[in-house]
Amino acid sequence: MKVSFYRYMLAGFAAASLTAAGAALAQVDVAKSSVTATSKQMNVPVEGKFGKFSAEVSFDPARPAAGSAQINIDVASYDLGDESYNEQVRGKEWFDAKTYPGATFVSSAIAPAGGGKFNVTGKLSIKGKSQTVVVPVTVAQQGALQTFDGALPIKRSQFDIGTGEWKDTSVVADEVLIKFHLVVAHK
Amino acid sequence: MPLNPSFGTRESYTRTAIAFHWLIALLIVCGFALGWVMTDIPGFTPAKLRYFSWHKWIGVTVFALAIVRILWRATHAAPPLPRRMPAWQRGGAHLVHLLLYALMIAIPASGYLYSSAANVPVVYLGLIPLPRLIEPDPHLKDLLKNLHIALNYTLLVLVALHVAAALKHQWLDRDGLLSRMLPFLK
Numbered sequence: 001m002k003v004s005f006y007r008y009m010l011a012g013f014a015a016a017s018l019t020a021a022g023a024a025l026a027q028v029d030v031a032k033s034s035v036t037a038t039s040k041q042m043n044v045p046v047e048g049k050f051g052k053f054s055a056e057v058s059f060d061p062a063r064p065a066a067g068s069a070q071i072n073i074d075v076a077s078y079d080l081g082d083e084s085y086n087e088q089v090r091g092k093e094w095f096d097a098k099t100y101p102g103a104t105f106v107s108s109a110i111a112p113a114g115g116g117k118f119n120v121t122g123k124l125s126i127k128g129k130s131q132t133v134v135v136p137v138t139v140a141q142q143g144a145l146q147t148f149d150g151a152l153p154i155k156r157s158q159f160d161i162g163t164g165e166w167k168d169t170s171v172v173a174d175e176v177l178i179k180f181h182l183v184v185a186h187k
Numbered sequence: 001m002p003l004n005p006s007f008g009t010r011e012s013y014t015r016t017a018i019a020f021h022w023l024i025a026l027l028i029v030c031g032f033a034l035g036w037v038m039t040d041i042p043g044f045t046p047a048k049l050r051y052f053s054w055h056k057w058i059g060v061t062v063f064a065l066a067i068v069r070i071l072w073r074a075t076h077a078a079p080p081l082p083r084r085m086p087a088w089q090r091g092g093a094h095l096v097h098l099l100l101y102a103l104m105i106a107i108p109a110s111g112y113l114y115s116s117a118a119n120v121p122v123v124y125l126g127l128i129p130l131p132r133l134i135e136p137d138p139h140l141k142d143l144l145k146n147l148h149i150a151l152n153y154t155l156l157v158l159v160a161l162h163v164a165a166a167l168k169h170q171w172l173d174r175d176g177l178l179s180r181m182l183p184f185l186k
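Respectively, the protein sequence lines represent chains E and U. Just so you know, the first sequence maps onto residues 1 to 187 in our numbering. Just so you know, the second sequence maps onto residues 1 to 186 in our numbering.
No lab work stands behind these hints: they were computed from the structure. Worth double-checking, as some hints may not be accurate.
[Claimed, not checked] Derived SDA-like pairs: lysine to any residue, alpha-carbon spacing no greater than 25 Å straight-line: (1) Lys32(E) - Gly116(E); (2) Lys48(U) - Gln41(E); (3) Lys168(U) - Asp142(U); (4) Lys98(E) - Pro42(U); (5) Lys52(E) - Pro136(U).
Just chain E, same shape as in the assembly (with noise of 0.2 Å):
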């Protein structure tokens, strides 16, 4: 009885502080949100969406540099509507996800744009490359919703996507256009 008694107490505890960190740190809400990257096979647009991701964002628009973001990616779960394809995107050639499992964005600085704008800068480490970008990022408040949407075009090169006979552009272009629609809903 004492021992269960100090469990609940344990897991009481436990549940008030992740609600702490809950309020600073908001669960991005992954069944309304997308990640996706669109690269250009001979020029034609093709997009890809990342099917798993989690991301946390505190966010105040009053307060745009106290708030932060991180958002990982797991790029093995890249569809492009096509198994046989995905799979070789999983590859090493490509995300080679088997060693670098996950792609992350995390926030370093958020600077204000004007209209609802905000530059947020921060690294970006794919396939175990890192560059600091920054990031245009629209917000939107609906009532306890907050959006972010925003896109950012990397070059493919810079994190060895694409190696071997990838490497021509010439088929699949350098830059790849990240795109991402992350919905927040603070309770």
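Start from chain E and add chain U according to the hints.
Okay, now just chain U, sitting in the frame of chain E:
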């Protein structure tokens, strides 16, 4: 109705009709061969992605040419068939021609829609983005893929019949029918 002393068979197609025929024939052979080769490549390779694009550009070109050709054909009669041709062969020839025209439209159209359903838009010659006619849909994608393949095998059979008939006229009937489309044979 004046009788044609030359049996009608010596009358050639016009230069426009001949140009349409051979240009589209050449494009269809190239498009078909590319389609065959590219779908045999497992996964994806740079060559495969190139072939897919070329295949689609050829398809769009055939579609556009076929529309102009059909309009042209609808307003310009073809030279008459050899008089001694039995009725069933005339009927067969007309039917095969009609189906070939239909496939020149239906095959590129099914491929185009298949590409749209697969969420891969077509950018003609890598320069002109063409409109997406249907939204991405995995179920429709499979359906259109199978339709595109089935129509192509139908085309293969019809083209084989078409070529066999032309060769029969040339070598067995010796009625000069082929020279209407290949004037240098005269």
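Restraint check for Lys98(E) with Pro42(U), where alpha carbons must lie at most 25 Å apart: 21 Å, holds
query: Within 25 Å, alpha carbon to alpha carbon, are Lys168(U) and Asp142(U)?
result: 39 Å, violated
message: Next pair to validate is Lys52(E) with Pro136(U); report whether the Cα-Cα distance is within 25 Å.
response: This hinted pair holds, its Cα atoms lying about 20 Å apart.
message: Lys32(E) and Gly116(E) were given as a pair; does the straight-line alpha-carbon distance stay at or below 25 Å?
response: 21 Å, holds
query: Does Lys48(U) pair with Gln41(E) here, judged by a C-alpha cut-off of 25 Å?
result: 11 Å, holds
Figure legend: structure checked against the earlier numbered hints; the only hint not met is number 3.
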